[in-house]
Structures are given as C-alpha cells and as structure tokens.
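A.B. asks: Here's the letter readout for the chains.
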Amino acid sequence: MGGGAILRYSLHRLAILLVVVFFLFPIFWIALMSLQTNESILRIPPSMVFTPIFDNYQALITGKLITQAGSLDLPFMKNLFNSFFLSAASVAVALILGVPAAYAFARFKFRLGENIAFTLLSFRFAPPLLVLLPLSLIYQTIGLDNSYVGLIWVYQLICLPLILWVVRSYFEDISPEIEHAYRIAGHNWGQSFLRIAIPLARPGIAAAGLLAFIFAWNNFVFALILASADKQPVTVGALAFVTASGIQYGQIAAAIILSILPTLLLALYAQRYLVEGLSLGAVKG
Amino acid sequence: MRQGAAKIFGKFMPRLDTSPQTRQRPPIMQRALPYFLSLPALMVCIGILVPFFIAVSYSLMRYRLNLPHLKGFNWFANYLDFATDAAFWHTLWVSLVYAVLSVGFELLLGLGIALLLQKPTRMNNFVSIILLLPLMTAPALAALMWKLMTNPNFGILSYLVSLLGFTDFKWASDPSSALFTVLLVDIWVYTPFIMILLLAGLRALPKQPFEASALDNVPASFVFFRITLPMLMPYIITATLFRLLDSIQQFDIIYAMTQGGPGNSLVVFQVQAYLEFFQYTNVGRSAALMVILWAITYGLSHLFIKQWLRLRERASGLA
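Going line by line, the protein sequences match chains A and B. Just so you know, the working numbering puts 234 at position 234 of the first sequence, and the rest follows in order with no gaps. Just so you know, the working numbering puts 98 at position 98 of the second sequence, and the rest follows in order with no gaps.
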C-alpha cells in the first residue's frame, strides 16, 4: 500500500467511527445517566467515572420512590405492561385479519382486493390526527374512550398495512404450483393454505409481525389522544414523567432505557428482515 | 361467466379443471373465497373511512367544543379564513421548512454513510445493523433523550458547546435554535432509514459497469456521478418520498420536545391541529387544517406509490 492508500483507508475508518459515535452516543449516555445518583448527574464537568447504582431501576420496578420528603408512587410498570399488551394484542389481531387477506390478494387478482390493499396503504401515509380527533369524540359517545379495545382498533392503522403488504410479497414469491399439486392430491383449499402456504411464508409473517410490534410500541400520538393515565404506553407515560414533580433525572433516564430496550433487542433479533419491512416489501436486503 | 371466474382465480385454478368431468363453474363457496378472506381488512378500511368523512364534515362546520349550541355548517368559512390568517401561513411555512431541511440532511448523510459501508464486509454489516438502533427508538423517547442531553444544568451537549465558547446556548428553549435542535433529533432517528434503503440499493446494483470502469481507470467522481448515482436514483426517490410524507406530518419529536414552542416557532400542521382541538377547542378549524395536510400528503403519496410499485416489481424480479 502506498501512503495515499493508507491515508484514504484511515480517513474511511475515521469517518465510520464518527458516524457510529453520533448515532450510538445518546443511547450510551442515557444508559450511564440511569446508573447515577442525582448528585453525580449534576456534577460539572460531567464525568464517566462513578460508582454505578441500581436505585433508579429499583424505584421504577417496585413502583415506589422513597426520599427524605416522603414516598412517591411511580406508575411506570403499568405503562410498561400497557405497551406490551397493546402492541402484542394489536399484532395478534393484525395477523389474524391480515394474513388471510394478504393470501387472497396474492393468489386471486380481484378488483376489490386491490382497492382494499391500496386504501390501507394510503392510510399509512395519511395524517393520523385527521382520523384521531373525530375518533376521540366518537369514542366518547360510544364508550370506547380510554379502553384497550378502542386503542387496539386504531393500532390496526399501523400494523395492518405493514403485515398485509410484506406478507403479500412473501406469498407472491411462493410458486402456486406446490399448492396446485397438494390440492390435486385431494386436499381442500383450507388445508393447502394452512399446511403449505403459511409454513412457506413463515419467515415473512414473523418478520412483519416483529416489525409491526416495534412500530406499535413506538407509537405515541394514538395513546396521547385516546388514553388516560392508566392505559398509556411508555411513550406517553415517560413524557408525563418529565413534568412530574419529585422525580429525579436518573429515574427518567432509567425509564427511557427500560422503554427502548425491548424494541432495540427485537430489532437486533429481526435485523435480517428490517430492510424489507421498512420499505413495505419494495427493497430486499 | 365461466371466463370471468377463471380470470378471477387466475393461476390458482387447478389445470385439471378443463377436463370434462370438472367442467362446471367452481362452487359458490370457492368463488366467494377471496372476498370472504379480505372481509376483515375491508371492515377495518370502512371503520377508518367513517371518522375520515366525519373529519371532512367537521372541517365544513362552525364547531367549538365550548360552544356546542353554535354547531352548524358554515361550508368553506374555515378554509377561507386561512387565506387571510398569518398563523396558517406560518404553520404551512414551518411544516415545509421542517420537511425539506430534515429530509435534505438525512438524504446527504444517509447516502454518505451508505457509500462508506458499501463493501459487504463483516465489519460494515455489523456497523449498518447497530446504526439502525436510533430508528428503532420511539421518536417521542428519542426527543426525551435529547432533552436530557441538552438540559442547561447538566446536559452533556450543553457542556460540550460551552467548551466551544457557546456558554449560553439554549437549544430547544430558544426560538432561534429550536428548529435546529428538533432537526438534530429527526436526523438522529431517521438518517438510518435512508442509509439502510440506499445501502440495499447500492449492493443490488449490477457489477459490470463498475468492473469495466475500473479496468479503464475512469476517475472516481465520474463513476459516482455518471454511474452510481443514476442507477441508484429509483432507490433515492423512493426513500426521499417516503421520508417527506412522514416528515411533513411530524408530531412526536416536536410535541415531546417543545409542544410546538417556544412561542409558536414550531407549530407544524399536526401540532397546530392538536392545539386548536385541545387548547382552543375549535374542532372545525382543527379538522380543516388536517384536511389540508391530507391533501398535500395525498398528492405526495401518489407519486410515492408509483415509484414504490416500480421498485417492488424490480425486487421480486431479481429475487
């Protein structure tokens, strides 16, 4: 290697390093904050040398913050439960509704199918508040405001288009010949759907489900408008935390870490499918 | 009729169907099957279209939650009011500036990072995966993280810029730097989106033109502007339109960071509609704002879907 090549190589590595620092430093720094006392967070200059403590996590998990001024209830575990429950239930509903529809759209070309598929896709790009604001008034009239059912219903706006389009592209990639052969052997349509089509499309279904879970988890505006404190997921709950009195910065940081950890782990687990899911099946990774 | 059924069933009809003993039309159950399977999805569509049309009708009404007895159609009065309302033009301006600046920076940065990581080495693959973590962080929580880092008392970024001489930089709480701060969060969250799509695009490009130009010692800048960039264009356009559609509707980051403030410096469409609804209880005006935003995104989404379908066909052709 000549001098120019070595220089170019080092610059290339340095650029990558800077990029990694910019994108990972915030997560790293908040994780450090979550392990510190308020006094150590407020030190100037900030330092990475401190004795880690787990009091912040303990306060969140037990739901009680004990200070000299008295004890304070932290409803954070309830928010965490709501996030899990709302995301999992929404994805389950979206899979039950979406997988058969995706199959129908992939195998039978019919006008109504294309219309539904594209209408759902256009919902993905419509401003959520357009639907949410009238929906908040409707929900109040029909008694669905601040209910899990009402929230899971609107979460379909996030989950269903994603599952429909990603799973559809998986079904389209499977040759129908296999199903033909299976049906000629005397099996009915339902058996070929359940025993042939679904198992072959399983990676796509799993990937779309995981991504839908992540997007449902990360959603903020639906629950901000439609849910009160006891039904709120972590995204809305953490915001309320910041303005609540008596809560310390270390606990806010710990709450953020607990809230982002599940989606980060899922994303690392499902990374092979992220590209395809993020582009709704248009780009294969 | 038989022709029609065969058309609907397309490739799914078993070939044996043309033999004499199975010449009848498929039973009604089987013809109804695709409709039956897509029925639940159709119901979700209808369930969402109902509030959509209600929103459109609200936008044509004088409707304030605090003055319910005045509720009634005033047709286009809400829209006509916007024409002379400086606050509306401010909202439109802030939304466009936010969308164009955020997507512009993300595109440049995302393209740059994708080029850095183009070679499919283990190390590059690993870096591209960990760079996705910000994208998987809830935008509202990302805004909170940056809020903690820019806190005037203990924020690490406030400390770092004070070392550079900006001892009183107020980040999101100063109207002159608020846009910069929320853009920074937006760039942090969404650059990986553009990066990962362009990286997939780069790696899917045919190899021959690059090998040929390497043999002929074609300068790198020529290769980039005349070969790489034009071939990557479908991916760039798709990623950009995708992001523009989301960015012009940004709510989470701005609301979690500043609630549209300080003052009215960051009242983009959805934040303004939220404030009109919950603070000023003016349902009609809020709905009219959302209908206008919807019209903007509808136009953009048509462009996007065309591009996206083209890429989709290409992707399944290559697979």
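Keep in mind that the hints were calculated from the coordinates and are not lab data. Just so you know, not all the hints are guaranteed correct.
[What the hints assert, rightly or not] Quick list of the computed label-pair ranges, beta carbon to beta carbon:
{"#": "1", "chain 1": "B", "residue 1": "E211", "chain 2": "A", "residue 2": "G4", "range": "21 to 31 Å"}
{"#": "2", "chain 1": "B", "residue 1": "T121", "chain 2": "A", "residue 2": "L265", "range": "23 to 33 Å"}
{"#": "3", "chain 1": "B", "residue 1": "M231", "chain 2": "A", "residue 2": "R43", "range": "45 to 55 Å"}
{"#": "4", "chain 1": "A", "residue 1": "R8", "chain 2": "B", "residue 2": "K207", "range": "45 to 55 Å"}
{"#": "5", "chain 1": "B", "residue 1": "P209", "chain 2": "A", "residue 2": "P52", "range": "48 to 58 Å"}
{"#": "6", "chain 1": "B", "residue 1": "G261", "chain 2": "A", "residue 2": "D173", "range": "40 to 50 Å"}
{"#": "7", "chain 1": "B", "residue 1": "T121", "chain 2": "A", "residue 2": "L268", "range": "47 to 57 Å"}
{"#": "8", "chain 1": "A", "residue 1": "L268", "chain 2": "B", "residue 2": "A295", "range": "32 to 42 Å"}
{"#": "9", "chain 1": "A", "residue 1": "V242", "chain 2": "B", "residue 2": "W75", "range": "35 to 45 Å"}
{"#": "10", "chain 1": "A", "residue 1": "S71", "chain 2": "B", "residue 2": "L101", "range": "44 to 54 Å"}
{"#": "11", "chain 1": "B", "residue 1": "N264", "chain 2": "A", "residue 2": "V242", "range": "13 to 23 Å"}
{"#": "12", "chain 1": "B", "residue 1": "Y159", "chain 2": "A", "residue 2": "P52", "range": "38 to 48 Å"}
{"#": "13", "chain 1": "B", "residue 1": "V223", "chain 2": "A", "residue 2": "S10", "range": "19 to 29 Å"}
Given the structure is predicted, the values throughout are model-derived calculations rather than measurements. Cβ atoms here follow ideal geometry from the backbone N, Cα and C, with glycine treated the same way.
A.B. asks: Decide, hint by hint, whether the structure agrees.
C.D. replies: Now the hints, each set against the structure:
1. B:E211 / A:G4: 21 to 31 Å: holds, 22 Å
2. B:T121 / A:L265: 23 to 33 Å: holds, 25 Å
3. B:M231 / A:R43: 45 to 55 Å: holds, 52 Å
4. A:R8 / B:K207: 45 to 55 Å: violated, 22 Å
5. B:P209 / A:P52: 48 to 58 Å: Hint holds: Cβ distance 53 Å, inside 48 to 58 Å.
6. B:G261 / A:D173: 40 to 50 Å: Hint holds: Cβ distance 49 Å, inside 40 to 50 Å.
7. B:T121 / A:L268: 47 to 57 Å: Given range 47 to 57 Å: violated, Cβ gap about 19 Å.
8. A:L268 / B:A295: 32 to 42 Å: Once the Cβ atoms are compared, 39 Å apart, the range 32 to 42 Å for A295 (chain B) and L268 (chain A) holds.
9. A:V242 / B:W75: 35 to 45 Å: holds, 42 Å
10. A:S71 / B:L101: 44 to 54 Å: holds, 46 Å
11. B:N264 / A:V242: 13 to 23 Å: Cβ of N264 (chain B) to Cβ of V242 (chain A): about 22 Å, so the range 13 to 23 Å holds.
12. B:Y159 / A:P52: 38 to 48 Å: With Cβ atoms ~21 Å apart, the hint is violated.
13. B:V223 / A:S10: 19 to 29 Å: holds, 22 Å
Against the hints set out earlier in the document, violations occur for numbers 4, 7 and 12.
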